[in-house]
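Trainee: Sequence:
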Amino acid sequence: MPIALGAVVSEFAEAVRRRVREAREALAEAETDGDAYGAAVAADELDDVLRLARLHGVDPDA
Numbered sequence: 466m467p468i469a470l471g472a473v474v475s476e477f478a479e480a481v482r483r484r485v486r487e488a489r490e491a492l493a494e495a496e497t498d499g500d501a502y503g504a505a506v507a508a509d510e511l512d513d514v515l516r517l518a519r520l521h522g523v524d525p526d527a
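Numbering (the working numbering), first residue to last: 466 to 527.
Mixed in with the good hints, there may be bad ones.
What the hints assert, rightly or not - Cβ-Cβ distance ranges computed for the label pairs, FRET-style: (1) ALA505 - GLU479: 34 to 40 Å; (2) GLY499 - LEU520: 31 to 37 Å; (3) GLU476 - GLY503: 27 to 33 Å; (4) GLU479 - ALA501: 18 to 24 Å; (5) GLY522 - GLU487: 16 to 22 Å; (6) HIS521 - GLY499: 15 to 21 Å; (7) ALA501 - HIS521: 19 to 25 Å; (8) ASP498 - GLY522: 30 to 36 Å.
No lab work stands behind these hints, which were simulated from the structure alone.
From a predicted model like this one, the values you see are computed outputs, not experimental measurements.
We treat Cβ as the ideally placed atom computed from N, Cα and C, and that holds for glycine.
Sequences and hints are given; from them, build the entire structure.
Mentor: Listed below in structure tokens is the structure:
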């Protein structure tokens, strides 16, 4: 049975939102721990996933 396009889009959007949440959590944790390298890595991941969300019209905070 084929997968409905809406289901694929919904799964993609949820995966993007999950990555945003995880990156924000990692950034906050690294900043709290005073881990400059971890914060830089998490900030880069957050920038990447937010760019991906914008590119595909996904509201990362929905």
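Trainee: Can the suggested window of 30 to 36 Å be confirmed for the beta-carbon pair ASP498 and GLY522?
Mentor: holds (34 Å)
Trainee: Does the hinted range 34 to 40 Å hold for ALA505 and GLU479 at CB?
Mentor: violated (27 Å)
Trainee: Per the hint of 15 to 21 Å, is the separation of the Cβ atoms of HIS521 and GLY499 within bounds?
Mentor: violated (34 Å)
Trainee: Given the range 27 to 33 Å, decide if the beta-carbon distance of GLU476 to GLY503 lies inside it.
Mentor: holds (29 Å)
Trainee: How does the Cβ-Cβ distance of GLU479 and ALA501 compare with 18 to 24 Å: does it lie in that range?
Mentor: Check failed, 31 Å falls outside 18 to 24 Å.
Trainee: Is the gap between the beta carbons of GLY522 and GLU487 within 16 to 22 Å?
Mentor: Since the Cβ atoms of GLY522 and GLU487 sit about 21 Å apart, the hinted range of 16 to 22 Å holds.
Trainee: Just to be sure I understand the hint, the distance between the Cβ atoms of GLY499 and LEU520 should be within 31 to 37 Å; is that true here?
Mentor: With a Cβ separation near 33 Å, GLY499 and LEU520 satisfy 31 to 37 Å, so the hint holds.
Trainee: Taking 19 to 25 Å as the hint, is the beta-carbon distance of ALA501 and HIS521 inside that range?
Mentor: violated (31 Å)
In this structure, the earlier hints numbered 1, 4, 6, 7 are contradicted, and the remaining ones agree with it.
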